[in-house]
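Starting from the structure of chain A, add chain B where the hints point.
Chains A and B supply the protein sequences, listed in that same order.
Following numbering that gives the first Met the number 0, the numbering of the first sequence begins with 0 at its first residue and continues without gaps.
Following numbering that gives the first Met the number 0, the numbering of the second sequence begins with 0 at its first residue and continues without gaps.
No lab work stands behind these hints, which were simulated from the structure alone.
Because the structure is a prediction, the values reported are computed rather than measured.
No incorrect hints appear here.
Quick partial rundown of chain B residues pointing at chain A, CB under 10 Å, derived from the structure: (1) Leu-104; (2) Lys-139; (3) Arg-161; (4) Ala-200.
Computed list of chain B residues with no C-beta within reach of chain A, every gap over 10 Å: (5) Thr-20; (6) Asn-58; (7) Thr-113; (8) His-116; (9) Pro-127; (10) Glu-245.
For each residue, glycine too, the CB sits at the ideal point set by N, CA and C.
Listed below are the residues making up each chain.
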Amino acid sequence: MALGFNFASADNGEIIPIIKYDARSGRISRRDRVDGINDETDITNTFKAIFDFENIETGTINFNTGSAPDFAVVRIGEQIPPPPTPDHKPGARILIKLSKENGGDIRELASNAKSFLRGLNALHDDYISGVVANKGKLPVVEAGKAIGISTGEGARKSTNYSPNFKIVSWVDRPADLVYIPKSRNAAASSAGYPPSTGGTKVSAPSDDYVPGFDEDDDFG
Amino acid sequence: MTPFEKYDIAHLSPSSCNTFTAAPAAFILQKCMKKNSPVGPAAHRGTSAESGVVFGLINPDASVDECIAVAKDEYNALTALIFDGSVDKERNSIGDFVRMGLAELRPYGIPSSTQGHISVEVEGLSVPLIGYYDFEWEHKGILIDLKTSHQLPSKIKQPHARQVSLYKAARGDNLSARISYVTPKKTATYELENYREHLKALETVALTIQRFLSLSDDPLELCSFVVPDVDSFYFNDPLTRQAVFETWGL
Numbered sequence: 000m001a002l003g004f005n006f007a008s009a010d011n012g013e014i015i016p017i018i019k020y021d022a023r024s025g026r027i028s029r030r031d032r033v034d035g036i037n038d039e040t041d042i043t044n045t046f047k048a049i050f051d052f053e054n055i056e057t058g059t060i061n062f063n064t065g066s067a068p069d070f071a072v073v074r075i076g077e078q079i080p081p082p083p084t085p086d087h088k089p090g091a092r093i094l095i096k097l098s099k100e101n102g103g104d105i106r107e108l109a110s111n112a113k114s115f116l117r118g119l120n121a122l123h124d125d126y127i128s129g130v131v132a133n134k135g136k137l138p139v140v141e142a143g144k145a146i147g148i149s150t151g152e153g154a155r156k157s158t159n160y161s162p163n164f165k166i167v168s169w170v171d172r173p174a175d176l177v178y179i180p181k182s183r184n185a186a187a188s189s190a191g192y193p194p195s196t197g198g199t200k201v202s203a204p205s206d207d208y209v210p211g212f213d214e215d216d217d218f219g
Numbered sequence: 000m001t002p003f004e005k006y007d008i009a010h011l012s013p014s015s016c017n018t019f020t021a022a023p024a025a026f027i028l029q030k031c032m033k034k035n036s037p038v039g040p041a042a043h044r045g046t047s048a049e050s051g052v053v054f055g056l057i058n059p060d061a062s063v064d065e066c067i068a069v070a071k072d073e074y075n076a077l078t079a080l081i082f083d084g085s086v087d088k089e090r091n092s093i094g095d096f097v098r099m100g101l102a103e104l105r106p107y108g109i110p111s112s113t114q115g116h117i118s119v120e121v122e123g124l125s126v127p128l129i130g131y132y133d134f135e136w137e138h139k140g141i142l143i144d145l146k147t148s149h150q151l152p153s154k155i156k157q158p159h160a161r162q163v164s165l166y167k168a169a170r171g172d173n174l175s176a177r178i179s180y181v182t183p184k185k186t187a188t189y190e191l192e193n194y195r196e197h198l199k200a201l202e203t204v205a206l207t208i209q210r211f212l213s214l215s216d217d218p219l220e221l222c223s224f225v226v227p228d229v230d231s232f233y234f235n236d237p238l239t240r241q242a243v244f245e246t247w248g249l
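Same shape as in the complex, but just chain A:
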């Protein structure tokens, strides 16, 4: 545990509830699972949360898996892996702690929508600027009116909304806002295709073979 990795939690499939940003409407909602059914509550107008930018993860995300999304993301600053499949699009994932009014719990916010990423990127710029004077602290963020961005023309015209996040204050890291690296799930760990079983022929080792022993080892 010297490096602080919680391997048990990383592999036990623990699911962190999410906050959903709908880029088509600019609305923010919290999703709760009640009796096996997803229940969404719009919190756009009251949204306020602490963002864990120290541990934001970037990379690529595939939301079109037919089941759970596949995140090929790493903590900011680490080498980003190549997209495992063509369906993996650039995206980001960040842990946030909602204000008491919004539930007060820890949530995951992730998206690969360009309009969302624009707003998140702008907020990150504000974080970079502000953290210098607020070393070790995390920003408290509110959401202003989302910004509509239209693309295309005529019948192909569409409008998406970028979040208009604003830092309103800085606070110490809450005790329950703990970043734990997650491993990608098994289905994804083979880079998007079924794992090979093994087609390399092997033979018996020579008689003097001792596993794990290197002749150059010096135990003296």
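Structure of chain B alone, referenced to chain A:
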């Protein structure tokens, strides 16, 4: 009461998981309705040939003919009440299977254990996954499962990868887990790759079985969720075929 207790299932194995994957109807017949399919000559050939190879490995001075005799004696006992044209065909090939198996595995030396029982608990699964590996050379860090067949595969088959991944999980990550495929004329031993993924796949199958069994206390209702492929070898046995007809009307 867990889904498995309802059907008096104390454990799952790679074999039962592979049956569920390939033929869910066969799984229901065997595990829920307790209508076991008789083992055919080909399976007995595999068991017997393996016994001959085991004898030859733990008795390095035994002649190949002695090992073949051990295998044939066992095969004759196992098939004594099977009146099927393939009994003689399989018997005639046993000698070559044993000979090729010994040629492939005797270079490894005397195994530290054979037919080793393993049991692995899976989070969320209410029964253990159990199995029996064929050979381990603990001092060499090698575990091998022997498969006899009339055709030599060019790589490890998926069901076998899942099976051996369980053995590796139980016996140690550092083991070299291998599968030796033996035909009457050829052999190939392949090293298992991506064992964690295959273990995860096995766990996924086991958890799927658990969810499936939880759907109903009535095996006939479970039957209503699946359709057997009656051409599958799982239903070759006439009694099993009849049971399929009586249950599904197919």
